[in-house]
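Student: Okay, here's what each chain looks like letter by letter:
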Amino acid sequence: MTVTADAPLELEAPPQPRYAERPLGVLTRPQGGRGWRDWLSTVDHKRIGIMYGTAAMFFFLVGGVEALLLRLQLAAPDGSVLGADVYNQVYTMHGVTMVFLFIMPLAAAFANYFIPLQIGARDVAFPRLNALSFWIWLSGAIFLNTAWIVGGGGADCGWFCYTPNSGVAFSPSHGVDFYAIGLQILGLASLISAINLIVTCLNMRAPGMTLMRMPVLTWMLLITQFLLLFALPVITVALFLLMFARLFGAPFFDPAAGADPLLWQHLFWIFGHPEVYIIILPAFGVVSEVIPTFSRKPLFGYEFMIFSGIAIGFMGWGVWAHHMFVSGIGPISVAAFSLSTMFIAVPTGVKILNWLATMWGGRLRFTVAMKFAVATVAMFTIGGLSGVTHSVAPADTQQTDTYYIVAHFHYVIFGGGVIGLFAGLYFWWPKVWGYMLDERLGNWNFWLMLIGFNLTFGPMHILGLQGMSRRIDTYAAGYGFELWNMVATVGAFLIALSMLVFMVNVWKSRRTAASRPAPGPDPWDARSLEWSIPSPVPEHNFDEVPVVRGRDEWWHRKYGIDDDGQVVRVATVEEAAQRGDAVGVHLPSPSFWPLAMAVGLPLIGYGLIFNLWLAVIGALIVIASLYSWAFEPVDDPDADHGHGHDEGHDGGGESGDGPGPDDAVGEVETAETDEPAAVGASEGQS
Amino acid sequence: MTAAAAPAELDHGTSGAGGAAGHGGDHGPSTGISHVKLAMWVFLGSECLLFGGLISTYLLYKTRANGRTLPTDVFDIPFTSVSSFVLLMSSLTMVLALSGVSRGDDTAGRAWLLATALLGAVFVGGQVYEFTSFVREGVAFTTNPASAAFFTLTGFHGVHVSLGIVMLMSLFVSSVKGKLTRNNSETVEIVGLYWHFVDIVWIFIFTVIYLIPAD
Amino acid sequence: MSVEAAEADPSEAAEGHDAHHPTDWAYVKIAIILAAVTALEVFTYFRSVLDWGVALVPSLIFMMVVKFYLVITWFMHLKFDNSIFSKMFTTGLILAVGVYLATLTAFEFFG
Amino acid sequence: MTAVGEDPVKPRPGAVRGLFRSAGAALAALVGLIVSGCAADAELDTFVPQGPIAEELHSRAVVPVFAIAGVVFVGITVAMVWLIWRHRVKSHSDGDWPRQTHGHVPLEIGWTVGFLLTMAAVAVIMLVALPTVDGTEANAVAVDVDGREVMWEPTVVVVGNQWWWEFRYYLSDQVDLAALREIGDAQALPPADIVTSGQMVIPTGEEIELVVTARDVIHSFWIPALNGKRDAVPNRFSPWKIEASDPGVYFGQCTEFCGLSHSRMRMQVVALDPVDFQAWVDRTIQDAAVPADAAARRGMDTFAGICTSCHLVEGVNDETYAANGADQASGAAPNLTHFMSRTTFAGGFLNTYNPDGSLNRAELEAWLRNPDGMKANYTVPGEQFRGMPDLDLSEQQIDDLVAYLATLGRPPAGWVIEATEVLE
Amino acid sequence: MLTPGFKLFFGMFAAFTAAALVYGYASGGSHVGPISLGWKGGVGDHIGYGVLVSLAAASLAVSLVLVAFRDADSEAQAALSGADGISPNPAVASGFWPVAAAFGAGTAAVGLVLHPLVFGLGLVMVVLALVEWTMDAWADRATGDPAANRELRNRVMAPVEIPIVGALAVGVVVLAASRILIAVSALWAVVVAGVVSTLILAGAFVYATRPGQARKLIAGLGVVAALGLVVGGVLAAVTGERDFPHHEDEIHSESGAEESGAGDGGG
Ligand code: HEA
Ligand code: HEA
Ligand code: CUA
Ligand SMILES: [Cu+2]
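Protein chains in written order, with our numbering: chain A, 505 to 1190; chain B, -11 to 203; chain C, 2 to 112; chain D, 194 to 617; chain E, 443 to 709.
These aren't lab readings, by the way, just hints derived from the structure by calculation. Some clues are possibly wrong.
Just the calculated beta-carbon pair ranges, DEER-fashion [as the list claims (entries may be wrong)]:
| no. | chain 1 | residue 1 | chain 2 | residue 2 | range |
| --- | --- | --- | --- | --- | --- |
| 1 | C | A56 | A | P1137 | 56 to 64 Å |
| 2 | E | R592 | B | T169 | 17 to 25 Å |
| 3 | A | W652 | E | V614 | 39 to 47 Å |
| 4 | C | E109 | D | H295 | 46 to 54 Å |
| 5 | D | V306 | B | G143 | 45 to 53 Å |
| 6 | E | V676 | A | L751 | 32 to 40 Å |
| 7 | D | V271 | C | E109 | 43 to 51 Å |
| 8 | E | L641 | B | N171 | 27 to 35 Å |
| 9 | D | V306 | A | D1067 | 31 to 39 Å |
| 10 | B | P201 | E | V676 | 34 to 42 Å |
| 11 | C | D52 | D | L370 | 31 to 39 Å |
| 12 | C | V50 | E | V676 | 34 to 42 Å |
Simulated crosslink set (PhoX-like; lysine-lysine; CA at most 25 Å straight-line) [stated by the list, open to error]:
| no. | chain 1 | residue 1 | chain 2 | residue 2 |
| --- | --- | --- | --- | --- |
| 13 | E | K658 | B | K167 |
| 14 | C | K30 | C | K80 |
| 15 | E | K658 | B | K165 |
Here chain C is said to cover these stretches of chain A; the calculated rule only asks that three of the stretch's residues, wherever they fall, bring their Cβ under 8 Å from a Cβ of chain C [what the hints assert, rightly or not]:
| no. | region |
| --- | --- |
| 16 | 761 to 770 |
| 17 | 830 to 842 |
Note that this is a predicted model, so its numbers are computed, not measured. Every residue, glycine too, gets a C-beta built ideally from N, C-alpha and C.
Go ahead and model the full structure; you've got the sequences and the hints to work with.
Tutor: Here it is, written out as structure tokens:
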């Protein structure tokens, strides 16, 4: 996957960049266009989504190579591929990379790209804030990984970085500083994006798109944003304390000064557990779109799917201490958290059975996307059930910190989250890029991944129950660990192979895209609004903002149900779909300031670690960008959009007349004038 | 537009309302409220957990002295009461500023904006004074877990107030330049929300951290 | 977290904005109450004058809640504005209080 | 080896267990089969409980919940496979649409209630099993301490250090949890009658209370055959317990990541029958004596000069040790008074003896020559040490030191040596 | 016509002269020695003083040369090129930035010998002035339209200037207030804070509600009060802080941890 959008995107004649005729030299507002530079200033939610996705896949490779190193080291007893020191860094960075730099941004890619499309909007509520989120995220990701080069090694404290082991005394390299500051930067990005997307979901829905008509993917993503919104400040506090402890000697976690090491654990896991649902809910959303499409049935129990999602989101707040069953929090707390944990199985089970009920009686067509989706349900169930075995606190005293846990969470994270998002990649690929991924290679990809995945993580159940601890860089022969570790390593390389197949698939499909029939707006006969517009999606999304009359709006534009309850076609895709040829639709103007501001943040980070002057420079950049942003009109007065088409066009023929030309997009812009107030406030976070 | 071909009533949603007809084709925000204001409230919801975390840290640590002086030993309640009072009154001036601006009474708006900023500055000045005096009396940032938690919490709050002051001053400047009118009084409202939030955080801090005796 | 209620009629909501706002004098009255409560709070500090005994902490908390409530309902207009704002905010508030109280309690139960 | 077949636990009242027991047994047997089929002597295997606590934990918590999870797993998987097989089509043709069902409320309520009931059962399992690991039992062991009969309420204070465990026995002046919490800091524990490291010795048939804590970072104490694990958290004193039915050596591993050599932080519990245990107490409560042998004496002097800045040999260098204190971040290094009485050293990770019972000179010398080479550590001059530093000893010094160390304490019984034989 | 080059070097001359004076006295000079180039009395450190004075002299010389040759002066250039009027490029707006930059440089130089803080301050001044100067110079030539130029300049600089100036203004109030509070007794601190805030409230109230005369009066009073605050702050800073009781020795039993000898700030 590469950033540059070549052939497929240029279906319509792009407006030429007009740098040349601009009067005022260097600091002019970017105009938008299709060159590579325009990606830097874009505020288009689709491009931002693509950038999130691309970067996430890149970091998947990084985290994956780290995982392969781990597996190589553990393939046989007394491994010597990595020393103990490097091993500790690699597994820590593997966890951090996969969670914060791969799966969260990949979910963010889906959120950015599809929330506006699914609710019938032209963009998110705050387009520039959206760009800001991405750039901050990217700069944080890069910052975090520069620890390898300038920090004396990556963080070596595990992804939950328990204190006091993560204090300067026990982890003197700068790795943990990078962890503490890097995650704060990433958190800021996610927080801004969460606010933005929440407002988008609540406020930017097309007419008629009530909450209970929103597609499930959007719903799950919305719940995810709420989880992010409330969970991120908690880890921010923890990281803040850690940073102060490490950089300025504050005794927050110093046992000698009377501090309590468990404070960190509580703060981390109050964030950490909602975080795991942040990881899984987007995948649930994807699965809930894919399965109905390929079962030719609406999602079974829509309301129950939504409410179970909300229930999972809420219950996720009351269970965090199940990660601390053996830390000595006392039997009362243990019992309470053990109980609360178990009952999360209930709403999750509701979801599983509703998916099965959707498939029940359907016409299941096993495209690659469908295969991935069904595999998600199956694999997640295994991971969820091992989760239930942890939730029984006394039993967990035998399981915790062993490979049994590693097995659990890879089954839910990889088997649920990653495989689920892969279903999404195959499903929406034609929508985003305008060509289909090859199904034959896709099948190879799927089966290799599924087999490799089970070979890798299945044996870890056994290893864990046999007593293999996690986070050990070597183990001795003779405990019965040899065979299964070798199997797991082989499995990991199968996953890597499947990823190679995926990359080949992307490359080949793209090369041959021109010679194959274009997928059209709706290649899968799908159900939600994004399929009613051309593939790839034109810059303005919708020619006319759709008026929504029910769930699965797009499907209902194609099909009706006759008196016998039989499905009949009422319109072909060509008839029902929008053409994407509207011109002069009013779109928010691009801006460089989000990028500029994002550059300042890692400078502050380096400054805190190495030299405060750098932090001052970084802060100046941030502040100056912020104010420049505030002074920059939302609408570029020099840009020539309009062509007189603005008015009436968006109104949609049938929707009659509202009070004034208050189309959705216009509202975006007036609202955005005040954005910096919100930004300024969120600055307080970092 | 072929969408018209769609069957008439397909609403499986639980809410019958909200169909196209009911809305008269309005494409504005689906909830009829402004994006920014909603965003600010959402953000404030998030801030609750941020300050909550810092407050809890302090509550957990407030008696951990490491054999040295605790913040509670050096509290100057009379002075902090005045500070709290100042911040509380700044909330009043903030509302009056908003009321002035949205009435179109620029003079009043400006006066109250400036007053709010000044009261905020007095509060921060008082905090600087408080911090200095604590340090002189033997309670520094790294003295013990209690002091570190105290300074982090109140310092963090102070930074929030300071950011608020800068925002207020920016508003004041744009008002003087004539760029802040009744039409964009919402900006004042947004800053006001932030400001009041910082105030209620202090209401909480003042009671829970200063007034409730540490046993 | 339903916002159905919020979907009533945008134009009315927008107008309501100005229509229902209290007068300046109302704000001043609220501020006077706030000041009075604060004074009362501070008064508890002078225990030589009046010892509140076991009532001290509950009454302080009560007064705090009153102030808190007055500011968010009046100064922050939650009373007059769209209920979705209250929902967003109270969700955060309740989560924060619940989660952190649970945490602090968990430290007590260590045994 | 399967744990279930011989399950001796008296059936507990509780409908749940009865219900799921048979399924559980079958499933656990299956898992046990896989596990045992591949592990010849898997000393860490959690499915091979060896003492009453671990057995109860296993049969009351692990087996039932695995059984429930297993049944659900089988159910879901079968349903899914059936659905896939039954409803799959090659392609979608335009006319072929199934009935469009949107949901079914009674069904939803039905399975929600079903899950609720299942989880209620799991909850009961948990509540029934929790006291197994958390409750304590009042017991006392008669121990002869220097000719004095003491009713020892068997408690061992377990202290995690980077990267070794210390075990402290307070026999004459017993300490309890409350007293230790009063002290609050594991770096300031009162002197104990017996201090050993790497290997904990306990009497069989008695529930031993552990008080788990740490001096530097968080560790976790875990002997899978005897019970689950408990974190060792600095500033905290957490209760835990173990009990072994039979004499034997039970293996464990630190399971909370504690820095560089976390993987090499291991430990064993040596369970002795009461008579042997008393003999062990008699031996280890003694102070060390000045050796007679010349090389050992030279070693003793070297030791006094170099090693006592960290290590204590009671009765020989108490003053120097007290004066020098420890250079460790944890403030402590293993107490070597009865070095030879344990069969492993350096965090339960190296063997003190060869299988034939002779001193494992090679490893001991290698350890003294270059500890970092045997077990990675952080001993950077200028910073606080974590682990034993390379002391640049000459070969002569090493020989002398080995000779001296060999005089400290007496070897345990032959079967212990044989049973230990740690795998590196 | 004072050309920018002249301004720069003349500013440097001024700064170096001032620096030389300060340094002459600071390093232990006497009487009018430093003013009179050591003619009447002496200076402390001859080498440093000498260097600074020669730098000053050199700067003066260069500045004079520059003004004499009228570098970069559009009139001059117009004359040179034989044009009959001033070129369409408008005259360079006169500015103080060169002077400021030079003054900053001087301050930095003095800082080199005096105190690192002074050096840093000087450096910051130089950087700020140079930035402003560059921006002005650039904006002045950007287009032919002065209004557009100003607009352009503001677009670039306002985002930096406004927050910095705003922060500085707030900083002054905060600093002055805290200095005053810490100089007076604890009781007076309460009174001062109370009175100041009441005054702010009252002032705003009057200003907002009473039109006309009262407004002007309040505005005037406000300016006076602001000045008073600054003066008070400076005075307080000079007076120094009041005495504080030091609690260092208090011992708390419930500290949780036994006091381990190392505990100094827990660092
Ligand atoms: C995507 C991420 C994800 C998800 C969704 C989950 C879901 C769950 N997790 Fe998991 N978990 C992690 C990621 C995740 N987890 C990670 C990363 C860790 C380790 C962190 C670390 O230490 O590094 C972890 C660790 C972890 C622990 C701590 C273990 C330890 O360290 O000791 C526990 C303990 O209770 C736990 C429990 C659960 C439970 C009960 C669920 C439930 O939500 C599962 C619910 C699902 C089902 C139960 C299956 C489907 C349901 C049915 C088919 C219905 C019928 C079922 C029954 C009636 C039983 N998890
Ligand atoms: C989203 C989360 C995520 C994902 C996707 C993964 C994916 C993988 N993880 Fe995971 N892992 C975690 C999150 C994740 N992990 C976390 C949170 C921890 C805990 C860390 C801690 O304890 O602190 C952990 C810990 C962890 C451990 C335990 C380490 C230890 O405790 O000592 C192991 C060991 O095997 C492991 C293995 C793997 C493997 C083999 C994969 C594979 O699935 C990866 C597959 C991907 C690829 C292979 C990339 C594809 C590469 C190519 C196509 C390039 C081809 C290149 C070559 C062939 C050289 N992980
Ligand atoms: Cu000690 Cu891990
Ligand atoms: Cu969890």
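Student: Each hint should be assessed against the structure and marked as holding or not.
Tutor: Hints, one by one, checked against the model:
1. For A56 (chain C) paired with P1137 (chain A), a C-beta distance near 57 Å keeps the hint of 56 to 64 Å intact.
2. Against the hinted window of 17 to 25 Å, the Cβ-Cβ separation of R592 (chain E) and T169 (chain B) comes to about 23 Å, which satisfies the hint.
3. At roughly 44 Å, the beta-carbon separation of W652 (chain A) and V614 (chain E) lies within the given 39 to 47 Å, and the hint holds.
4. In this structure the supplied range 46 to 54 Å holds for E109 (chain C) paired with H295 (chain D), their Cβ-Cβ distance being about 49 Å.
5. For V306 (chain D) paired with G143 (chain B), a C-beta distance near 52 Å keeps the hint of 45 to 53 Å intact.
6. The given range of 32 to 40 Å is respected by V676 (chain E) and L751 (chain A), whose C-beta atoms sit roughly 33 Å from each other.
7. Taken as a hint, the range 43 to 51 Å holds for the pair V271 (chain D) and E109 (chain C), whose Cβ atoms sit roughly 47 Å apart.
8. Separated by about 33 Å at the C-beta atoms, L641 (chain E) and N171 (chain B) satisfy the suggested range of 27 to 35 Å.
9. Hint check: V306 (chain D) to D1067 (chain A), Cβ distance near 36 Å, so the stated range 31 to 39 Å holds.
10. Against the hinted window of 34 to 42 Å, the Cβ-Cβ separation of P201 (chain B) and V676 (chain E) comes to about 39 Å, which satisfies the hint.
11. The hint said 31 to 39 Å for the Cβ distance between D52 (chain C) and L370 (chain D), and at roughly 37 Å that hint holds.
12. At about 40 Å, the beta-carbon gap between V50 (chain C) and V676 (chain E) stays in the expected band of 34 to 42 Å.
13. Among the hinted pairs, K658 (chain E) with K167 (chain B) is consistent with the structure: their alpha-carbon atoms are about 23 Å apart, no more than 25 Å.
14. For the suggested pair K30 (chain C) and K80 (chain C), the alpha carbons sit about 16 Å apart, so the restraint of at most 25 Å is met.
15. Note on K658 (chain E) and K165 (chain B): the hinted pairing holds, with a Cα-Cα distance of about 19 Å set against a maximum of 25 Å.
16. Proximity of the region 761 to 770 of chain A to chain C, defined as three or more residues with a beta carbon under 8 Å from a beta carbon of that chain, is established by the 3 residues found.
17. With 6 residues carrying a beta carbon less than 8 Å from a beta carbon of chain C, the region 830 to 842 of chain A meets the three-residue requirement, and the given coverage holds.
The structure meets every hint from the earlier list without exception.
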